[in-house]
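For this one, chain H is given, so just place chains B and Y on it according to the hints.
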Amino acid sequence: MSRRGFLTATAGAAGAIAAQPLLAACGTGGAAVKAGAASASLLQRILPHYQASSLIKPDYASVAGSSPAYLTYPSTLVRTVAETPGSGGSYTAITPLWGTIPAAGNAFDQAVNKALGASVAVSPANGNNYSTILPQLFSGNKLPDWIQVPTFWAPPLNFGQAAADRLADLTPYLAGGKVSQYPNLAAIFSSGWQAGIWDDKLYGFPSYTATFNYGYQLYYRADLLDKLGIGTPAVKSMDDLWDLATEVNDPKGKRWAMGDIWGYLYQPFNYALWMLDDKGNLITQYESEGIIEAMNWLAKAIKAGLVHPDQVAGNYGNGVTEFYAGQMAIVSDGSGAWNAADAQKGQASNKGYTRASFDFFTASGSGTPKMPLEAATAWTSYLSKSLSGKQIEECLRLADYLAAPFGSVEYNLLNYGVEGVDYTTTAAGPQLTSAGTQYAGSAVSTYNFLVSPNNTVYNAGYPAVTKASASWAQRNAGYGYQPLFYELNVVVPNSLSSANAFTPFNPTSGITYEVARGRASIADYQSTLASWKRNGGNKLKAFYEGVLTQQKKLGSA
Amino acid sequence: MITTEPAAARTRPPLARLLDTAQRPSWQERPRAATQGAKSGAITLIVLVVLIPLYTVVMTSLSTQGSINQAGGMVIVPHGLSLAAYRDIVSGGVVGRALLISLGITAVGTCFSMVVTILASYGMSRAGSFGHRTILWVMMLTMFFNGGIIPLFLVVSALGGYDQYWALIAPSAVSVYNVLVMRSFFASTAQDLIDSARIDGAGDWRILWKIVLPTSRAVTAVIALFYAVGYWNSWFNIMLFMPSDSSKWPLQMVLYDYLTQNSQMVNSAAAGFQGAVPTLALQMAVVTITIIPVLIAYPFVQKHFTKGVLLGAVKG
Amino acid sequence: MTDAATSTARPPGGSAVAARAAATLPAATAPPGAARPGRRWWARLRRDRTLLIMTLPALALLGVFGYAPMLGLVMAFQDYDLYDGILHSPWVGLANFQQLFTDPGFWQAFFNTLSLFSVQLILFFPVPIALAILLDSLLSRRLRSVVQAVATLPHFFSFVLVVTIFNEAFGGAGLLDTFLRSHGVTSPFDFMTDPGTFRLLVASQLIWKEGGWSTIVYLAALSAISPALYEAAAVDGAGYWRRLRHITLPGLKAITVLLLILNLGYALSFGFEQMLIQLPAVGSGAAQVITTFSYENGIVAGNYSYGAAAGLFLGITSVIFILGANKIAHLLGEDGLYRK
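Chains as they are written, first to last, in the numbering used here: chain H, 141 to 697; chain B, 13 to 328; chain Y, 422 to 761.
If you are wondering where the hints come from, they were derived from the structure by calculation, not from laboratory data. Careful: at least some of the hints might be erroneous.
If you want the ones that stay clear, here's a sample from chain H, every Cβ over 12 Å from chain Y, calculated [to be verified]:
id, residue
1, L182
2, T216
3, N281
4, L368
5, P391
6, K440
7, A453
8, N455
9, Y653
10, E654
11, R657
12, T689
In silico EDC-like links for lysine to aspartate or glutamate, alpha-carbon gap of 20 Å or less [what the hints assert, rightly or not]:
id, chain 1, residue 1, chain 2, residue 2
13, H, K673, H, E685
14, H, K607, H, D363
15, H, K440, H, D363
16, H, K679, Y, D557
17, H, K510, H, E433
18, Y, K674, Y, E755
19, B, K315, Y, D557
20, H, K282, B, D175
21, H, K443, Y, D557
22, H, K530, H, D339
23, H, K443, H, D363
24, H, K510, H, E685
25, H, K318, H, D305
26, H, K341, H, D363
27, B, K222, Y, E631
28, H, K367, H, D390
29, H, K530, H, D309
30, H, K440, Y, D615
31, H, K341, H, D380
32, B, K51, Y, D557
33, H, K525, H, D339
34, H, K673, Y, E755
35, H, K443, H, E223
What the simulated footprint calls covered on chain Y by chain B, stretch by stretch (three residues with Cβ under 8 Å from a Cβ of chain B suffice, anywhere in the stretch; the number is not a length) [to be verified]:
id, segment
36, 552-562
37, 629-637
38, 647-658
39, 729-735
Just so you know, even glycine gets a beta-carbon here, dropped at the ideal spot from N, CA and C.
This is chain H alone, in the form it adopts within the complex (with noise of 0.2 Å):
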């Protein structure tokens, strides 16, 4: 019945949620004002300095902070640890996994563990209700050896707490000049080591670190436009995509020009979730004038006809299959959409399937584009305060390992396997079989969340989609800046929590949505936020004034 259905989405749909109650029963405190850390030079001294490797020289080198590129594998694979790491340790090792769990001890794990020189055992929980079960190990304190957080699922957890009373704290092997010694962990940039700081402590290790992280680029299909007679669009302002897109807009034949583009719009409009207004006061986003135009702007578009019926009726759920059909032609979504798994889907059906990317760009037209970064790692795992120092001290060689870089025999392990049983090795590189894809081949193996090096960008037999994305990337990463608070693992008092959810401006269902749709006006938008700003909003407001101050203070601001 229909109150069956009630409970169900709730479990379902916020998992965080459902997981915080488990904490009431522990009954913790409000939580204090922690940031992650704090003056400039605290945390030079916190960081562990940065020493580049370069193995294998990449295609495309990393430029303003972009991931280095390769088109081709390498046929020599260099080995970066010299002697086994591990002294024979047994360790327990919990990470997400967003796909089939495979069976636990198969001949992979075995390999990897044999590689090791120490048993790690790792138990990939579902992804998708991972935040139900980290609350359930910290409160509980069934934590094991080795746990990945994500730092997006940190917060109900009042991590900075969690982190002294459970985590093992890293600064004193790692910080500084002490990381040397691990030379793969060394060549981790540093904004990936900074998201795992927590309370002025090093404690986190970094996965897929990329340092030109951001939100969304707006993406195009090239052979659409190509067989268009368009060509290669130059789109430099809001009024060349809005000329694009009525010339590309075609509902009889089934083709929108675009799908619902929200998610991309702070880049030309120039806004970030926390930011300064003219006269230097901090605002929130939605107060800026930038997200006001934003609006305007998709409401005339989906009013002319422009967007796709489905995404205006907000069913994103085949967004992506009709970018393959081509009813669409524009669409905004992450870096995640632009690899071989991309052209391989969308070439299934039209050879000629080609996705580019526009630069970034400004709305008017002038000045310089800008793009907000977003943390270099989301992802970052934790050893218990239950080891000893020679476990950890075992943990840390096996990190190194682990962290072995792209063109290393340790590397080819980790991410494909053992040739022959896992990977076959053909003229596009390394091709997982059957057993491969089950158990290792990196969408399977869990070893990478505990920790990776960099993040590379290598697409077998695909090195078109590697030449365009890497080129793409070394040309916009230059626009990337750091915005207020950047990975400053800022923890919000419980009283502010509700305000700091900002549920009234949710993309899909929030008051920005319904103006896009013509549903709702400017003026009904304005009294949204009035509204929020009186139930908490300017609380929250004030605390992060107060942090901004204490930055600035301490220098780092």
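Structure of chains B and Y alone, referenced to chain H:
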């Protein structure tokens, strides 16, 4: 036993034999052509309206990525078929074990629920019995007032139910809705039959067992079906009480896993899906697999509440 | 409602008596040993102790898993904070309710719920009954079983899938609109996003999804009507429609009234999942119902007290609805939920 059936069967027209049309009772009028037409039309409409979407679901589950791309979503005219989605789900043996677990939970849960429900329904069905209306209201209030999932979770885990199979059965063992329906059917069991049995010295247990239940086969079948479907479909309780121990998961949870696969992938360098099954095909395959056991089991239950059975009972 | 017991015991006398027996309320005569006014209550308790014992298992289960968690509803009178828990959150009396009743969004949700429910009651409720009668009238057993099984299938589709299927057919990029566009209609009507026709859409989705499944209970009731009654009536000269009016419909009356009352009881909690999925498509003006409102403003915003207050309000009004509906049923001479 005189019967003219064999002769009649031999001479019955093939369509009638195919449709298994019973002989029209002598007292029933021949239907007019218009009525026949209207009825056939309605039936055809109903069947089409259900089967066509079901067809797209099955077709999409058998489609390749190319086919799905061309259609831009659900597939009606396929451009490439593949069993990859089903192979992906069934391989690995996880589904097999989950199926057995589901069957076990459904069987045990349904039996348990039926016993409790039959007892409670009968216990409240006799007019004038002491306090039956109060008890009824006590039960009904739970249908409308609900503390939410948080208190429910606290209660169950306080009783040690976390990660236990009984947590999948006990909290939803009693559906007051089902109790009310069954009670209504029981209440109309002829009182004179019961009274004569009572005069004969039968207690309530015997009356329930020997008189009320045998004459309530239809409603028992229906309520058992409701419970069985409820247990079979439920994954909410599993999400709440058994989220991490995947070796204990029933079918619905495993299938939910497949539904959410591919939906969130990490931005990683070597995330090369070689030959990944299209997500939509996977989702539709999950839906199809969920329906198959129902299609298999349904006919067995169906005959308990359709007229044919009771007709036979009356003839004798 | 007659049942099989009456039918096996051949009704004495002719068809008229049979017809009357079928049409009367069951057990109209006071059974011996039933409550006689003035009988001591403990004597009744002793006489009915077996019946009471029979209800114990269900009561115990509901007590533990129904009533114990219900205590959580006290959240409605607190300013519930997750970290303080129920025991330590401050009490605010009726403040949450005050906030609820002064929220225009809440009243919009309230009236939306009532209007959506009324439309589905008128359009959807009769469908399973009609379908059951239709199926019952089929001579072919096999055809009846097949059609019934087929019609039941959509019940097993989740609402997400139902909305997807409807979207494929009626959405802006769906079959109907594509067809219209290719024949010159520039902006064809989008059934899935039009707030004005949303009620119709909701009812049609319900009919498609639950119509077949809901016939099961009615089929069970129909199967309990003795065919001898039909035969007797036909012999007396009653045509199809008269038989329908005097035998079939009365046979279904009790269960229909029961389900109607229960339906009314659930009126205010109508349509959570179905509305939640379609809120983005038509907007909250058309699709916001009490349960989705409570979800968005309570659970999603982390304001559990507010959600609990809405839930409590929902429960109380549902009980009032059911009491009212039952009263009306009694006034019309029906048993309703329970006999008076």
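How the hints compare with the structure:
No beta-carbon of chain Y comes within 12 Å of the beta-carbon of H/L182; the shortest separation is about 29 Å. For H/T216, the shortest C-beta to C-beta distance to chain Y comes to about 50 Å, beyond the 12 Å cut-off, and the non-interface label holds. Non-interface call for H/N281 relative to chain Y: holds, since the shortest CB-CB distance, roughly 18 Å, exceeds 12 Å. Once the 12 Å rule is applied to beta carbons, H/L368 is consistent with being away from chain Y; the minimum gap is 19 Å.
Listed as a non-interface residue, H/P391 fails to keep its Cβ farther than 12 Å from every Cβ of chain Y; the least gap is roughly 6 Å. Non-interface call for H/K440 relative to chain Y: holds, since the shortest CB-CB distance, roughly 16 Å, exceeds 12 Å. A cut-off of 12 Å between C-beta atoms contradicts the statement that H/A453 is not in contact with chain Y; the least separation is 4 Å. Taking the minimum C-beta to C-beta distance to chain Y, about 6 Å, the non-interface status of H/N455 is violated against the 12 Å cut.
Taking the minimum C-beta to C-beta distance to chain Y, about 7 Å, the non-interface status of H/Y653 is violated against the 12 Å cut. Distance to chain Y contradicts H/E654 as a non-interface residue, since its nearest Cβ pair spans about 6 Å, not more than 12 Å. Not every CB of chain Y is more than 12 Å from the CB of H/R657 (nearest about 7 Å), against its label as outside the interface. At roughly 26 Å, the least C-beta separation between H/T689 and chain Y is larger than 12 Å, which holds for a residue marked as non-interface.
For the hint linking H/K673 to H/E685, the alpha-carbon distance of about 15 Å falls within 20 Å, and the restraint holds. Among the hinted pairs, H/K607 with H/D363 is consistent with the structure: their alpha-carbon atoms are about 16 Å apart, no more than 20 Å. Simply put, H/K440 and H/D363 have alpha-carbon atoms about 27 Å apart, too far for the 20 Å limit, and the pair is violated. Of the supplied pair hints, the one linking H/K679 and Y/D557 is violated, its CA atoms being roughly 66 Å apart against a limit of 20 Å.
For the hint linking H/K510 to H/E433, the alpha-carbon distance of about 17 Å falls within 20 Å, and the restraint holds. Distance check on the hinted pair: Y/K674 and Y/E755 sit about 8 Å apart at the alpha-carbon level, within 20 Å; holds. Of the supplied pair hints, the one linking B/K315 and Y/D557 holds, its CA atoms being roughly 13 Å apart against a limit of 20 Å. Among the hinted pairs, H/K282 with B/D175 is consistent with the structure: their alpha-carbon atoms are about 15 Å apart, no more than 20 Å.
Proximity of H/K443 to Y/D557 is assessed by CA-CA distance (about 51 Å); at most 20 Å being required, the pair is judged violated. With a CA separation close to 24 Å, the supplied pair H/K530 and H/D339 exceeds the 20 Å bound. A hinted pair counts as satisfied when its Cα atoms are at most 20 Å apart, and H/K443 with H/D363 does not qualify at roughly 27 Å. The hinted pair formed by H/K510 and H/E685 fails the criterion: a straight-line CA distance of about 23 Å is larger than 20 Å.
Restraint check: the Cα-Cα separation between H/K318 and H/D305 comes to about 24 Å, which exceeds 20 Å; the hinted pair is violated. For the proposed pair H/K341 and H/D363, the alpha carbon gap of about 50 Å is over 20 Å, so the pair is violated. Distance restraint check for B/K222 and Y/E631: the Cα-Cα separation of roughly 35 Å exceeds the 20 Å cut-off, and the hinted pair is therefore not satisfied. Restraint check for H/K367 and H/D390: the C-alpha separation of about 14 Å stays at or below 20 Å, so the hint holds.
Of the pairs offered as hints, the one joining H/K530 and H/D309 holds, with about 14 Å between alpha carbons and a cut-off of 20 Å not exceeded. The suggested pairing of H/K440 with Y/D615 holds, with an alpha-carbon distance near 19 Å, which does not exceed 20 Å. Restraint check: the Cα-Cα separation between H/K341 and H/D380 comes to about 48 Å, which exceeds 20 Å; the hinted pair is violated. Proposed proximity of B/K51 and Y/D557 is supported: the alpha carbons are some 12 Å apart, at most 20 Å.
Restraint check for H/K525 and H/D339: satisfied, since their Cα atoms lie roughly 16 Å apart, inside the 20 Å limit. At roughly 55 Å between alpha-carbon atoms, H/K673 and Y/E755 are farther apart than 20 Å, so this suggested pair is violated. Pair hint H/K443 plus H/E223 does not hold up; C-alpha atoms about 65 Å apart against a cutoff of 20 Å. Given as covered by chain B, the segment 552-562 of chain Y passes the check, having 8 residues with a CB less than 8 Å from a CB of that chain where 3 are the minimum.
Check result for the segment 629-637 of chain Y against chain B: holds, 3 residues qualifying (beta carbon to beta carbon below 8 Å, three or more required). Counting residues of the segment 647-658 of chain Y whose C-beta lies closer than 8 Å to any C-beta of chain B gives 7; at least three are required, and the coverage claim holds. Under the rule that three or more residues need a Cβ within less than 8 Å of chain B, the assignment of the segment 729-735 of chain Y holds, with 4 such residues.
Violated hints, listed in ascending order, are 5, 7, 8, 9, 10, 11, 15, 16, 21, 22, 23, 24, 25, 26, 27, 31, 34 and 35; each of the other numbered hints is respected by the structure.
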